[in-house]
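Chain order of the listed sequences is A and B.
For the first sequence, full-length UniProt numbering gives the first residue as 1, with consecutive numbering after it.
For the second sequence, full-length UniProt numbering gives the first residue as 1, with consecutive numbering after it.
If you are wondering where the hints come from, they were derived from the structure by calculation, not from laboratory data.
Warning: the hint list may mix true and false statements.
No copy is singled out in the list; a pair is fine if it fits within one copy or between any two copies.
Keeping only pairs whose Cα atoms sit at most 30 Å apart, straight-line, the calculated BS3-like set for lysine-lysine is [as the list claims (entries may be wrong)]:
#: 1; residue 1: Lys337; residue 2: Lys285
#: 2; residue 1: Lys337; residue 2: Lys180
#: 3; residue 1: Lys285; residue 2: Lys333
#: 4; residue 1: Lys498; residue 2: Lys82
#: 5; residue 1: Lys333; residue 2: Lys180
#: 6; residue 1: Lys86; residue 2: Lys5
#: 7; residue 1: Lys5; residue 2: Lys79
#: 8; residue 1: Lys498; residue 2: Lys577
#: 9; residue 1: Lys180; residue 2: Lys467
#: 10; residue 1: Lys27; residue 2: Lys577
#: 11; residue 1: Lys337; residue 2: Lys192
#: 12; residue 1: Lys577; residue 2: Lys555
#: 13; residue 1: Lys86; residue 2: Lys154
#: 14; residue 1: Lys467; residue 2: Lys27
#: 15; residue 1: Lys86; residue 2: Lys238
#: 16; residue 1: Lys154; residue 2: Lys238
#: 17; residue 1: Lys467; residue 2: Lys86
Owing to the predicted nature of the structure, the values given are computational and were not obtained by experimental measurement.
Protein chains: 2
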Amino acid sequence: MTIYKAPLDDQRYTLFDVLGAEAVLTKLQGGEGHTRDLLDAVLEEAGRLSEAVLAPVNASGDEEGCRFDKATHAVTTPKGFKEAFKAFAEGGWTGLTQAEHFGGQALPNVMGTATTEIFQSGNLAWSLYPLLSEGACHAMEVHGTEAQQTTYLKPIVEGRWTGTMCLTEPQAGSDLGLLKTRAEPGENGSYKITGTKIFISAGEHDLAENIIHLVLARLPDAPAGSRGISMFIVPKFKVNADGSLGERNAVAAGAIEHKMGLRGSATCVMNFDAAEGYLIGAPHKGLAAMFTMMNAARLGVGVQGLALSERALQNSLNYARERLQGRSLSGPKFPQKPADNLMVQPDVRRMLLTQRAIVEASRALLLYTALQTDVEARGADEATRKQASDLVAFLIPIAKGVVTELAQECTKEALQVYGGHGYIAENGVEQFVRDARIITLYEGTTGIQAADLLGRKILQLQGAGFKLFLQEIQAFCQQHAQDAALAGLIGPLARYAKEWAELTTTLAQRVQANPEELGAAAMDYLYYSGYIALAYMSARGVAALANSSQQEAFKQAKRDTAAFYFARLLPRSLTHKAAIEAGVDTIPAIA
Amino acid sequence: MTIYKAPLDDQRYTLFDVLGAEAVLTKLQGGEGHTRDLLDAVLEEAGRLSEAVLAPVNASGDEEGCRFDKATHAVTTPKGFKEAFKAFAEGGWTGLTQAEHFGGQALPNVMGTATTEIFQSGNLAWSLYPLLSEGACHAMEVHGTEAQQTTYLKPIVEGRWTGTMCLTEPQAGSDLGLLKTRAEPGENGSYKITGTKIFISAGEHDLAENIIHLVLARLPDAPAGSRGISMFIVPKFKVNADGSLGERNAVAAGAIEHKMGLRGSATCVMNFDAAEGYLIGAPHKGLAAMFTMMNAARLGVGVQGLALSERALQNSLNYARERLQGRSLSGPKFPQKPADNLMVQPDVRRMLLTQRAIVEASRALLLYTALQTDVEARGADEATRKQASDLVAFLIPIAKGVVTELAQECTKEALQVYGGHGYIAENGVEQFVRDARIITLYEGTTGIQAADLLGRKILQLQGAGFKLFLQEIQAFCQQHAQDAALAGLIGPLARYAKEWAELTTTLAQRVQANPEELGAAAMDYLYYSGYIALAYMSARGVAALANSSQQEAFKQAKRDTAAFYFARLLPRSLTHKAAIEAGVDTIPAIA
Numbered sequence: 001m002t003i004y005k006a007p008l009d010d011q012r013y014t015l016f017d018v019l020g021a022e023a024v025l026t027k028l029q030g031g032e033g034h035t036r037d038l039l040d041a042v043l044e045e046a047g048r049l050s051e052a053v054l055a056p057v058n059a060s061g062d063e064e065g066c067r068f069d070k071a072t073h074a075v076t077t078p079k080g081f082k083e084a085f086k087a088f089a090e091g092g093w094t095g096l097t098q099a100e101h102f103g104g105q106a107l108p109n110v111m112g113t114a115t116t117e118i119f120q121s122g123n124l125a126w127s128l129y130p131l132l133s134e135g136a137c138h139a140m141e142v143h144g145t146e147a148q149q150t151t152y153l154k155p156i157v158e159g160r161w162t163g164t165m166c167l168t169e170p171q172a173g174s175d176l177g178l179l180k181t182r183a184e185p186g187e188n189g190s191y192k193i194t195g196t197k198i199f200i201s202a203g204e205h206d207l208a209e210n211i212i213h214l215v216l217a218r219l220p221d222a223p224a225g226s227r228g229i230s231m232f233i234v235p236k237f238k239v240n241a242d243g244s245l246g247e248r249n250a251v252a253a254g255a256i257e258h259k260m261g262l263r264g265s266a267t268c269v270m271n272f273d274a275a276e277g278y279l280i281g282a283p284h285k286g287l288a289a290m291f292t293m294m295n296a297a298r299l300g301v302g303v304q305g306l307a308l309s310e311r312a313l314q315n316s317l318n319y320a321r322e323r324l325q326g327r328s329l330s331g332p333k334f335p336q337k338p339a340d341n342l343m344v345q346p347d348v349r350r351m352l353l354t355q356r357a358i359v360e361a362s363r364a365l366l367l368y369t370a371l372q373t374d375v376e377a378r379g380a381d382e383a384t385r386k387q388a389s390d391l392v393a394f395l396i397p398i399a400k401g402v403v404t405e406l407a408q409e410c411t412k413e414a415l416q417v418y419g420g421h422g423y424i425a426e427n428g429v430e431q432f433v434r435d436a437r438i439i440t441l442y443e444g445t446t447g448i449q450a451a452d453l454l455g456r457k458i459l460q461l462q463g464a465g466f467k468l469f470l471q472e473i474q475a476f477c478q479q480h481a482q483d484a485a486l487a488g489l490i491g492p493l494a495r496y497a498k499e500w501a502e503l504t505t506t507l508a509q510r511v512q513a514n515p516e517e518l519g520a521a522a523m524d525y526l527y528y529s530g531y532i533a534l535a536y537m538s539a540r541g542v543a544a545l546a547n548s549s550q551q552e553a554f555k556q557a558k559r560d561t562a563a564f565y566f567a568r569l570l571p572r573s574l575t576h577k578a579a580i581e582a583g584v585d586t587i588p589a590i591a
Numbered sequence: 001m002t003i004y005k006a007p008l009d010d011q012r013y014t015l016f017d018v019l020g021a022e023a024v025l026t027k028l029q030g031g032e033g034h035t036r037d038l039l040d041a042v043l044e045e046a047g048r049l050s051e052a053v054l055a056p057v058n059a060s061g062d063e064e065g066c067r068f069d070k071a072t073h074a075v076t077t078p079k080g081f082k083e084a085f086k087a088f089a090e091g092g093w094t095g096l097t098q099a100e101h102f103g104g105q106a107l108p109n110v111m112g113t114a115t116t117e118i119f120q121s122g123n124l125a126w127s128l129y130p131l132l133s134e135g136a137c138h139a140m141e142v143h144g145t146e147a148q149q150t151t152y153l154k155p156i157v158e159g160r161w162t163g164t165m166c167l168t169e170p171q172a173g174s175d176l177g178l179l180k181t182r183a184e185p186g187e188n189g190s191y192k193i194t195g196t197k198i199f200i201s202a203g204e205h206d207l208a209e210n211i212i213h214l215v216l217a218r219l220p221d222a223p224a225g226s227r228g229i230s231m232f233i234v235p236k237f238k239v240n241a242d243g244s245l246g247e248r249n250a251v252a253a254g255a256i257e258h259k260m261g262l263r264g265s266a267t268c269v270m271n272f273d274a275a276e277g278y279l280i281g282a283p284h285k286g287l288a289a290m291f292t293m294m295n296a297a298r299l300g301v302g303v304q305g306l307a308l309s310e311r312a313l314q315n316s317l318n319y320a321r322e323r324l325q326g327r328s329l330s331g332p333k334f335p336q337k338p339a340d341n342l343m344v345q346p347d348v349r350r351m352l353l354t355q356r357a358i359v360e361a362s363r364a365l366l367l368y369t370a371l372q373t374d375v376e377a378r379g380a381d382e383a384t385r386k387q388a389s390d391l392v393a394f395l396i397p398i399a400k401g402v403v404t405e406l407a408q409e410c411t412k413e414a415l416q417v418y419g420g421h422g423y424i425a426e427n428g429v430e431q432f433v434r435d436a437r438i439i440t441l442y443e444g445t446t447g448i449q450a451a452d453l454l455g456r457k458i459l460q461l462q463g464a465g466f467k468l469f470l471q472e473i474q475a476f477c478q479q480h481a482q483d484a485a486l487a488g489l490i491g492p493l494a495r496y497a498k499e500w501a502e503l504t505t506t507l508a509q510r511v512q513a514n515p516e517e518l519g520a521a522a523m524d525y526l527y528y529s530g531y532i533a534l535a536y537m538s539a540r541g542v543a544a545l546a547n548s549s550q551q552e553a554f555k556q557a558k559r560d561t562a563a564f565y566f567a568r569l570l571p572r573s574l575t576h577k578a579a580i581e582a583g584v585d586t587i588p589a590i591a
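Working from the sequences, and respecting the hints, build out all of it.
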C-alpha cells in the first residue's frame, strides 16, 4: 500500500552538483573510471532493483516476519526475501565496494552509501542481511590473513554466503568489556568458542549456503575488561580445503526475538557450544579490530534513518495530495471537489517540509561524509587522507546520532499527515515508525554517539575534525557573502558557526573541571552540532543551484526547503544551547 | 514484564496540596460529601483494581489482540478483558461520575480524571471500552429524553451494556461535514440508518450484553455539510418495553482494524443496513450535540498521554536502577559490582527527568482542567461557572494536544533508556510507544487542537480563557515574587507570561491580515503555550511544598524536577517563538 521511487534526481544533484563527487572521485587512487556516467548508471540500476524487487516485499515481510523452528534451529525468512537476495547477488551488489581481487567491483564508498539508501528505503528489514555481511567483509579485509580472506571473504563478496558480527551478550551491550564468551585453544591452532550472543542480525536464515560469524570472545589468558577481547571467525558450516562446505559447526540460533519492527530481519540468540573458531587479528585486540568497522557501520545506520525518512516523505506527500478533507483557511481551493486536499493546510505543509528539509540535508551530510571516507582511503597524499580521516571521525557521530533521531520525527510526522489512517497497518506508514525505532539504539545508542562526539572527537582528539569542518563552513560563508541566492542563509550560518566554536571552548573548560559535565551536555551538544551541520548542507544545496541544469521546479523546491529549514528547524539550536549551558547541576541524582 | 504502581502519592499531592481540590469540591453544589478522605479511598481502590486486574492483561492483550469472526461478525476480546470489565462494573466504576438517579455515584470529574489515569496506565486498550461508554452516556444525559435515558443510559451506567460514538466514515474524518450515512423515516417515529462507519472503538465485543451506538447521519431533508447532521441511538439489540433484549438490529461489525498498537481494543468497521435508530436531540444538530462531549473526550485522551508516560517512566526508572553497564564519568560508583548502574550516567538521568517533569506537570494541568469542569458544572454562581467554562475551553486543546505529543517523547525516551532491549516485545516498553501513537490522532489530531486553540479559543472567543489563565499566572508570580523556594522559577515564568500575551496580540493581528497565518503558526503556538502552561504547573508544584506533609525525598524530587523543567524543557519555547514569527511565507506551496 505504500509507494517508493528511488530519489535519483536529488541523489544525483547532491552527489554531482553539490559535492562535486566526480571531480573528487576520479582524482583518487584507482578512481579514474568513476565517472558520472558510470555512477549514474549504477544508481539507476539500484533504483530498479529496489523498486521492483525489494519494496514489494517490505510490508508483507513485516506482516509475515521470520519463523524459527525450535527442532532444527532453522530460520525461514519471509516470502520473496530469498529471491531478492539472489537477484541482489546476481547483480553484483554484494561486492559493490569490495576489492576486485576478492571479486568485488571496487566502487567508492559514496556509491555504496547512495545505493544502500535506495535498498534500505525499499526494504530495511531485508537490507540488514547484506549490510551485516559488508561489516564482516570489512573486518576480514583489514584483519584477516590471505588464507582467511580466500576461504571466508570471497564467497561473501560473491553473494553465496553471508556474515554476521557477534558482539552483544545479555550482560554486555554498550559495555562490551563485560562480555564472557570464552575461546579455548583447540586443534590445529583453532579455538573452541563457548558462550551466548544476543541481538545477532542475520545470525541464521535461509538466504545463503553458509554464514560466517565474527565473534568477540576471551582467550584463557585475557586481561579483564575491554582489553582482553579477541575476534574469531566461526563458520556455520566448516569449510573444506577446496572451499566446499564441511560438517556443521557447533553454533546455532537458540531463538529469534519478537521485535517492535524490522520483523523481516532475523534477530537471533546465537549459542556457541565449543564451536570451532579461528583467531582473526592479534590476540586481545578484537575490540580495536571491531572499532575499525564502526565508522562504516554507524554511517550505514545513519543512512537507514535517511532511507526511512525518504520513503515516509514520499508517502505522506502523496497522501496529502490525494486526501480531500476540509477547506483552505482562505477559501476553497478546489471548489468543484467535495473538499480541498490536505496540501492546502499550512500545518500539513509544515509537516511535509520538516521531513523534506531533514531528508535533503541529511542526504547531503551522509554523502559528504561517505565521500570523505573515500578520500580517507584513497586520497592522493598522506595529508589529504589525514584531513579526510579527521573529518570522518568528527562527522560520524553526528551523521549517525542526529540523522537517526530526526528519522523518528520524520516518520512520526509522515504518519501524522495520514491522521487516524496512519495507525492502520495496511496503510503501511506505521511500519516505517516501528522500523525506525531501532536505529537510535543499535550500533551505539544516541547517548553513545553524543559521548563519542563530545568526549572523544572534540575533547580527546582536540577537535581536529571539528576545526576543519568549521573552517570549511567559514570559507563557504565568505565565498557566498554577497551571493543574492543565499541571502538569509549565510548570515545565520556564519553566526552559528562562530557560536559553535565559542560554545565548544567554554564547554571543554567546564568538562575539564568536572567530567560529569560531559554527560550532562553531550546530547544537546550533539543536536546543536547536528542542526548547524545540516544548515551548512542545506545552504550548499542552494549554492550549487547556480551551476546546475536542474529544472526550475526542483530549484524552487530546494530554495523553499532551505528557507524553511533556516526559519523553523535551525532555531532549535537555541533550545539546545540553553540546555548545554544549564550544566550538570540541573541533572541531579535520582533517588 | 512491565511494572505498574498507581502514583497515589503524586496524585494526592497534586489534587489536595497543589490544587486544593477538597476546598473547591466541597463548596460545589452537591459536593458536600466530597472530602479528602472519601476521594483518597476512591483513588486507592482504583489503584488496587488497576494493579491487580488491568495491568496484568496489558501485554497479553496486546499480543493476543482482538479476534473477528467473519461468519458471525462477533469480536472476541483478549483473555481477561471480560473478567476485568465485570470487576470494573461490580466496583461501580462504570457510573463513577454519572448522576445518582441513573445509578451513578455522582463523584466529581476530577476524580473521574484521576482514576481514569490509573486505569489507562494499567491497560489503555482495555480502558477504551468503558471510555467510549462514558462519552455515550454523557451524550444521552444532555440530549436524550427521559425515556431514552431510562432505556439506554441506565444499563450502561450499571455496567451491563456499553456505548460507542459513530462519527468517522472513510471519506469523512476531520471533516465530518462530508459524512454520508443516511437516516430515513421508519415506523413509530424511528429511523432506518444506512451507511458505513470506520474507526469505531468498542463497536463490537464480548464484554457486555448490548451495545448502544450513537450515530451521526443525515435526515432526508438535511442541509449539506456539517449543518445537516443528526444524532441517532442505534442499539445492537433492540430493547423491549420492559428493558429486556429484543431482536438483533441491522448493525454489525464488518471487520476490525489491524493497528500499530491498542491491539486489545476492537476498532471496528460498522455497517448499518437500514438499522433501526432513534433521533436524539434536535434534527440537524447532531454535530453540535457531539461537540458538547468533545471537551470531556479530549481531556480523556490527554489523560491517556499522561497514563502512558507515567507507566513508561516507572519502568525506565526501574531499568536504569537495575541495569549494570559502564562506569560513571567521575569514577566507579559501585566498585564492588561488575559495572555501575545506568543511573550514574547524566544523560540517562536527563531522559528520566524529562519524563518525570512532563508527567508531573501534565498531571497537574489535567487535574486542574478537570477540576474546572466540575466548577463549570456545579459552581456556586453563574459568573464562577462562566469563568471555569472559559478556562476549560482554553485549556482543553493544550491539555489534549501538548500532553499527547509529549507522551510520544516520554514513551520514546523510556524505550531509549532500555537500549536495544527496549525494541524487544517481551520487555514491554515498546508497547507503550505503539499504544501512544494513536493519541495525537483520535479525538482531533494535534493540528486540529492547534487550530482550535488559536483559531477558536484565542481569536473567535477573544481569548476569554487565555486572559483568565494569564491573570492567574501573574497573580501567582506576584504572590511568590519573594519566595526563596521559587527563586529561579518566578522570574522566567513572569517573563514568559508577558511574552505570551504580547506574542498572542501580534499574532492575532497577523491572522486578521491573512487567515493562512493561522495555519502557519497554530502548531508552534500550541507548543509554546503548552510549555508555559506546564511551567506554571511545575512552579505550583514547588510552591505547594511549603504547606505539605510530604517526605523530604518527595519534596527534593519536586524541586529538582521543576528546576530541570525550567532549565532544559521550557527553553523549547524559544524555538517555537521563532517559528511562530517566521510566518506563512516560510511554508510555501508544495508542487
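Against the structure, the hints:
Taking the shortest alpha-carbon separations for lysine 337 and lysine 285, only the inter-copy value of 25 Å comes in at or below 30 Å, while the best intra-copy value is 68 Å. Only between protomers do lysine 337 and lysine 180 lie at most 30 Å apart by alpha-carbon distance; the minimum there is 15 Å, versus 66 Å within a single protomer. Taking CA atoms no more than 30 Å apart as the test, lysine 285 paired with lysine 333 passes between copies only; the shortest distance there is 28 Å, against 66 Å inside one copy. When the C-alpha separation of lysine 498 and lysine 82 is checked against a cutoff of 30 Å, the pair qualifies neither within a copy, at 52 Å, nor between copies, at 63 Å.
Proximity of lysine 333 and lysine 180 under a CA criterion of 30 Å is satisfied inter-copy only: 22 Å between copies versus 66 Å inside one chain copy. Only within a single protomer do lysine 86 and lysine 5 lie at most 30 Å apart by alpha-carbon distance; the minimum there is 22 Å, versus 51 Å between protomers. Taking CA atoms no more than 30 Å apart as the test, lysine 5 paired with lysine 79 passes inside one copy only; the shortest distance there is 22 Å, against 43 Å between copies. Taking the shortest alpha-carbon separations for lysine 498 and lysine 577, both the intra-copy value of 13 Å and the inter-copy value of 23 Å come in at or below 30 Å.
With identical chains, the CA atoms of lysine 180 and lysine 467 are never at most 30 Å apart, being 40 Å at best within one copy and 63 Å at best between copies. In the homo-oligomer, the alpha carbons of lysine 27 and lysine 577 never lie at most 30 Å apart, since the shortest distance is 40 Å inside one protomer and 47 Å across protomers. With identical chains, the CA atoms of lysine 337 and lysine 192 are at most 30 Å apart between copies only, with a shortest distance of 29 Å across copies and 72 Å within one. For the identical chains of this complex, lysine 577 and lysine 555 are inter-copy neighbours only, at 29 Å across copies versus 32 Å inside a copy, given an alpha-carbon limit of 30 Å.
Taking identical chains as interchangeable, the C-alpha atoms of lysine 86 and lysine 154 lie at most 30 Å apart only when both belong to the same chain, with a minimum of 16 Å there against 64 Å between chains. When the C-alpha separation of lysine 467 and lysine 27 is checked against a cutoff of 30 Å, the pair qualifies only within one copy, where the shortest distance is 25 Å, while the shortest distance between copies is 66 Å. Taking CA atoms no more than 30 Å apart as the test, lysine 86 paired with lysine 238 passes inside one copy only; the shortest distance there is 23 Å, against 60 Å between copies. For the identical chains of this complex, lysine 154 and lysine 238 are intra-copy neighbours only, at 15 Å inside a copy versus 73 Å across copies, given an alpha-carbon limit of 30 Å.
Taking the shortest alpha-carbon separations for lysine 467 and lysine 86, neither the intra-copy value of 45 Å nor the inter-copy value of 67 Å comes in at or below 30 Å.
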